[in-house]
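Next come the chains, spelled out residue by residue.
Number of protein chains: 2
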Amino acid sequence: MAVQDRGERSRRSILEAAASVFDERGYDAASTTEILARSGLTRGALYHHFPSKEAIAAALVAAQSEALMVPEHPVRLQAMVDLTLEYARRLRSDPVLRASVRLTVEQSSFNRPGMTPYRQSADAILGLLREAERQGEMLPGVDLEELTQFIVGAFTGVQLMSQVYCGRQDLMARVSTMWRLLLPSIATPGVLMRLRTTPPPSVAGAEGDGVREGDAETDGTARPPVTPRAPWG
Amino acid sequence: MAVQDRGERSRRSILEAAASVFDERGYDAASTTEILARSGLTRGALYHHFPSKEAIAAALVAAQSEALMVPEHPVRLQAMVDLTLEYARRLRSDPVLRASVRLTVEQSSFNRPGMTPYRQSADAILGLLREAERQGEMLPGVDLEELTQFIVGAFTGVQLMSQVYCGRQDLMARVSTMWRLLLPSIATPGVLMRLRTTPPPSVAGAEGDGVREGDAETDGTARPPVTPRAPWG
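Listed in order, the protein sequences are those of chains A and B.
Residue 1 is where the first sequence starts when you use full-length UniProt numbering, and the numbers rise one by one after that.
Residue 1 is where the second sequence starts when you use full-length UniProt numbering, and the numbers rise one by one after that.
Warning: the hint list may mix true and false statements.
[Said to hold, decoys possible] Facing chain A, according to a computed beta carbon distance under 8 Å, are these residues of chain B, among others:
(1) 47
(2) 55
(3) 160
(4) 164
(5) 185
To be clear, the hints were calculated from the coordinates, so they are not data collected in a lab.
Glycine is no exception: its CB is placed at the ideal position from the N, C-alpha and C atoms.
The following block holds chain A by itself, in its conformation from the complex (with noise of 0.2 Å):
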């Protein structure tokens, strides 16, 4: 037991490190030496979890499914919203989120991912709006696949621009804006009122534990939800 905790210890440490040596330098420039000094650990240690540089890149991109949680939100087109926030508040806090993205964007000698991590946030948000099209939250005529290839590259783009502007410091703003933008087009009026663009107050808030996911927006009853600005409306 002991044995085995350490060893996922120091796996972890070995992506945190490699995560923020390839956030820094990018896959090419990054050397296995750095991420070694970084990780505190041993070239044997390095190699018994990692064949490769290129075995942990390709353990950083799956990292990123796993900031895909679907939040248990009864109406879903708040749950979609919800999960893009808080994947934009992990990719704030969390620098193995941040390697992973980098490493998904851009080209590299890294036999790169390709489409596997733009297909696991597709099926999320796929699966979300099909979901609420049977409960009635959708607008009649809205191609699904499409509309999910679209917010997937959106996101894509503002936390990029996020990034490039100012480290991702408004990105959740960004996100916000999105939403108030887009969802007037596909939501129906009854819905569009009640939804909210902005984190549940009580993720908004807590900040003390690196651990929760998005399971906080039941207790979105502190605020009155802020319905998104439709400029029709």
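Got chain A; can you put chain B on it based on the hints?
For chain B alone, coordinates are given in the frame of chain A:
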């Protein structure tokens, strides 16, 4: 005169050769030796125009702004849509523009341009939105700065995803989707129903200019202009 022409031609040869190398390998892995081999010029000619690899990259990034030509259309929201469609078309056909975008999106040892290319795009879009507002095309209450940032970010991510999925084969269709989803939140109903989200027939139909790359989705001439899907209208 002839000498100047030759100078301009060899400068352009270097940029095109460099663009193809950067587009394939990224900045860090690109070598001036390979750029030279592709341009067919001497090293002396290369250094006559550009003192370093970094100087070539900077010239490529500067070329991006040339693709931001604002169309003449009297409806300024239509001009904005057409600007992005034309930019998308050029991205597909022009390796210099593609390399420029890659240099912008990726971090590398190139002292990267950071915000500048995003700012140039944002300036063009914001200018058009302000004119659209003055002409009464915009719904009241839309924050033009915020909207501009979203449009530039969304376009960036949409073209990135199209590149990863299919080498930008479906880029025009994805840009059209973006506008169908976004315009209902920003345009007044009267303007909305007259907006076209596919390339103008003249661009789509013009085969003789030697520049276009024969992309199938632009021959939308057979179809009547598609009005954006306004789910409530």
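Here's how the hints hold up against the structure:
1. 47: Residue 47 of chain B check fails; min Cβ-Cβ to chain A is 25 Å, beyond 8 Å.
2. 55: 20 Å, violated
3. 160: Status holds, d = 6 Å.
4. 164: With a closest approach of 6 Å, the residue 164 of chain B hint holds.
5. 185: 5 Å, holds
In summary, the numbered hints that this structure violates are 1 and 2.
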